[in-house]
Amino acid sequence: MVPYLAQAGAEATVSTGEAVAFWILGPLTLLGALGMIFARNAVHSALWLVLTMLSLGMLYLIQNAPFLGFTQIIVYTGAIMMLFLFVLMLVGRESSDSVVEVLRGQRLAAAVLGVGVAGVLAGALTRAVADVTPAQPLNPWTAEGGGAGGLGRMIFSDYLFPFELTSALLITAGMGAMVLAFTERHSKAGKRSQRELVEARFRGEYERPSPKPGPGVFATANSVATPALLPDGSVAPESLSELIESTSAAKLDTARKQVAGEASTPDAHALVGPDKEGETAE
Amino acid sequence: MTNVFLAQADIEAPPIDYAAILPMLIILGAACVGVLFEAFLPKHQRWPGQVTLSLLALAGAGVALGAYAGDSPERGVTTLSGTLAVDRPALFLWGTLLALALAALLLIADRSVEPGGAFVAQAGIAPGTVQDREQVGSTGMQTEVFPLTLFALGGMMAFTAANDLLTMFIALEVLSLPLYLMCGLARRRRLISQEAAVKYFLLGAFASAFFLYGLALLYGYAGSVRLADIANATAGTDRSDTLLFAGLGLLLVGLLFKGSVGPFHTWTPDVYQGAPTPITAFMAACTKVAAFGAILRVLTVAFETTNWEWRGVLWAVAIVSMLIGAVLGLTQTDVKRMIAYSSIAHAGFLLIGTMALTDEGLSGTMFYLLAYGFTTLAAFGVISLVRDSTGEATHLSAWAGLAKRSPLLAGVFTFLLLALAGIPLTSGFVGKFVVFSAALSDGMAPLVVIALVFSAVAAFFYLRVVVLMYFSEPAPEGPSVSVPGAFTTAAITLGVVVTLLLGVAPTFALDWAGAGGFALGS
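Line by line, the protein sequences are chains A and B. So for the first sequence, the numbering used here puts the first residue at 1; every next one is plus one. So for the second sequence, the numbering used here puts the first residue at 1; every next one is plus one.
Please note that a few of the clues may not be correct.
What the simulated footprint calls covered on chain A by chain B, stretch by stretch (three residues with Cβ under 8 Å from a Cβ of chain B suffice, anywhere in the stretch; the number is not a length) [what the hints assert, rightly or not]:
hint: 1; region: 55-68
hint: 2; region: 147-158
hint: 3; region: 175-184
hint: 4; region: 203-213
Simulated restraints on C-beta separations [unchecked claim]:
hint: 5; chain 1: A; residue 1: 209; chain 2: B; residue 2: 56; range: 49 to 55 Å
hint: 6; chain 1: A; residue 1: 210; chain 2: B; residue 2: 134; range: 22 to 28 Å
hint: 7; chain 1: A; residue 1: 122; chain 2: B; residue 2: 45; range: 33 to 39 Å
hint: 8; chain 1: A; residue 1: 111; chain 2: B; residue 2: 127; range: 56 to 62 Å
hint: 9; chain 1: A; residue 1: 178; chain 2: B; residue 2: 129; range: 18 to 24 Å
hint: 10; chain 1: A; residue 1: 44; chain 2: B; residue 2: 309; range: 42 to 48 Å
hint: 11; chain 1: B; residue 1: 55; chain 2: A; residue 2: 113; range: 46 to 52 Å
hint: 12; chain 1: A; residue 1: 127; chain 2: B; residue 2: 437; range: 37 to 43 Å
hint: 13; chain 1: B; residue 1: 128; chain 2: A; residue 2: 35; range: 36 to 42 Å
hint: 14; chain 1: A; residue 1: 113; chain 2: B; residue 2: 405; range: 44 to 50 Å
hint: 15; chain 1: A; residue 1: 209; chain 2: B; residue 2: 405; range: 38 to 44 Å
hint: 16; chain 1: A; residue 1: 92; chain 2: B; residue 2: 45; range: 37 to 43 Å
hint: 17; chain 1: A; residue 1: 122; chain 2: B; residue 2: 112; range: 54 to 60 Å
hint: 18; chain 1: A; residue 1: 136; chain 2: B; residue 2: 127; range: 45 to 51 Å
These are calculated hints, taken from the structure and not from any lab test. Predicted model only: the values in this text are computed from it and were never measured. For every residue, glycine included, the Cβ atom is placed at its ideal position computed from N, Cα and C.
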């Protein structure tokens, strides 16, 4: 058994360079972690976490564990954090935490207990490793030293079974994603051919055989919220998508008036378009 | 330098005792084949194919286990570089898991009680949408449930046999991920089912993080993740005890969470209520076996010498668990939640046997797991039969006067509740008896007295349901009792027969449970 915490008593010292690097990277790591918790914006949180992970990766490199350091940077900051950002972009970065407390006093209790646990762990760990002499520097070129070769050796000898067992984990994750995301609609069987669709339309399965009219496109607006006009100049309500619920009614009314020619005619010399007025009117 | 290193690339593959681990390999292999079935079989053949494959896999694993257990070495073997220990307790727990999984699989496969099965046809369709209303009438189901069940079972088997903490962690994830997923696949009440899945997933991930943190601290303490090495390290005195006990504490949080013990139980009622009932049955029976199997192994193999330091904490945990289970169980109005709180109380009783660290404690706890697993599985099977137009009628008021509608079902459920309460002639009584007597002989008399008090309190809410079923007038618009198909009938019958057999003639199972201890060598 290799005594990692230097119970062997071999003297090794921390070099000046290592100490300097630690005192620069350590606070940065902590700063990133705190920033992640306290940032209001989810994207900022993710970026703070990137800072923490990069600093950790650098720390590993300085500790003579190049493989671990690069894995940390490539896998965590490179792959996982970018996935994280993708998801945030898909969900929408505006979606923020709810500030409503479902259970009264929950946040305060959580904060007190969380800080308490962190304090206990930090205190205990400080005491536990206070009088431990630093371990011998790792030699990444040996099997025990944290290099890729040594790691590979362990994966295929000592830890063969856990390594193989992770395949079950990956299969489960892949299948789970498909179960939760896949619907027949996306498969070949779920799609109608063009002919079937036309026949279904004329059989009356849909409200009307033809597609709905598109939105109006005018010199004054290019928004899909702008209604199309019928030959007599009246607004065609079908041309407005029901899905656009986020468009406020006031704005829509202004646009309708504009299209119908009821609004005040825009001043050709004005620097600001009438759209602005609609927005300020909200 | 690099050349030198690459030149010594002659890695010796670790010796593998295939006979010993064959049951687990069969289950995991069948799970992989099941995934291929999903990919290549046409839709209408998937359900029969998956059911046949899963049942065959369970039978094959059982035969392999029986063949190996007959002449397995007394002290057990460790294989795959000491990452797996196949010893007598592991074999007993594997047998228990396979038998419980068989019954759970029958419940999962049933398509007669709920037309098309308890699982949604397409989980990808958002609940409440037009497409979702369309698929209500369809009789398909997500047949991926079968390979997922097998993966979870394989993970549980690896979990109970894991001889180092790293293997244990990965097995923990392998058993948890499919369960998180399956919790969200209910056909009825999909939103509450998905909520249960998200809750279980988030809290489970949190508990896994605790486990991992504890693992890291223990590695810092012992310089190894092997249970035997940690045991050796605790024999020395020059190391920091802080790392040891902080690590053990965090590790136990992760393990106790899985066993739904005491203050780490908060997920249990919500998840048991929201998950499809066959999955609840599978979770309640098999996860508990796996979690307590792992706790037994960790405490016995790695931390036996330090038991004076941690035993006090586990005393408190066991008392809190029994208190929460028994007292909050009294206030429940939903049958599934009531059984969930009962499982928390039972986890407290199990923890008492786990703490004993004697041969009697080990065999008693394992017997209790076997007995409790079958009883609770059959109970959930019965719950799935009482239905009204919206699905299962789990509210207690709907169960009023059920004995007048269906005397047989009320009788079976009464028997199971009596077993959960620990009345003589049921397996619950024998289980409590062996666990408590092991604890008594190990000097835990005060704890046993407390446990007896809480057993009495818990018995009250079981009896309340019995009284409700027999002595109340049935509600006019009450639920009807479905006539179960062959699969559900078989599962419930299996549970009831085992509950009765273990209560009347427990000697065989007790002998098998007490056949030998954990393999201590690395």
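Hint by hint, here is what the structure shows:
1. 55-68: violated (count 0)
2. 147-158: holds (count 6)
3. 175-184: holds (count 9)
4. 203-213: This one is violated; 0 residues, fewer than the three required, reach chain B with a Cβ under 8 Å.
5. 209/A <-> 56/B: 49 to 55 Å: The hinted range 49 to 55 Å holds for residue 209/A and residue 56/B, with Cβ atoms some 53 Å apart.
6. 210/A <-> 134/B: 22 to 28 Å: holds, 25 Å
7. 122/A <-> 45/B: 33 to 39 Å: Violated: the Cβ-Cβ distance is about 58 Å, outside 33 to 39 Å.
8. 111/A <-> 127/B: 56 to 62 Å: violated, 34 Å
9. 178/A <-> 129/B: 18 to 24 Å: For residue 129/B against residue 178/A, whose Cβ atoms are near 19 Å apart, the range 18 to 24 Å holds.
10. 44/A <-> 309/B: 42 to 48 Å: Holds: the Cβ-Cβ distance is about 44 Å, inside 42 to 48 Å.
11. 55/B <-> 113/A: 46 to 52 Å: This hint holds: roughly 47 Å between Cβ atoms.
12. 127/A <-> 437/B: 37 to 43 Å: holds, 41 Å
13. 128/B <-> 35/A: 36 to 42 Å: With a Cβ separation near 38 Å, residue 128/B and residue 35/A satisfy 36 to 42 Å, so the hint holds.
14. 113/A <-> 405/B: 44 to 50 Å: This hint holds: roughly 48 Å between Cβ atoms.
15. 209/A <-> 405/B: 38 to 44 Å: violated, 53 Å
16. 92/A <-> 45/B: 37 to 43 Å: Taking Cβ atoms as reference, residue 92/A and residue 45/B lie about 42 Å apart, which means the hint holds.
17. 122/A <-> 112/B: 54 to 60 Å: For residue 112/B against residue 122/A, whose Cβ atoms are near 58 Å apart, the range 54 to 60 Å holds.
18. 136/A <-> 127/B: 45 to 51 Å: Given range 45 to 51 Å: violated, Cβ gap about 58 Å.
Going down the numbered hints, you'll see the structure goes against 1, 4, 7, 8, 15, 18, while the others check out.
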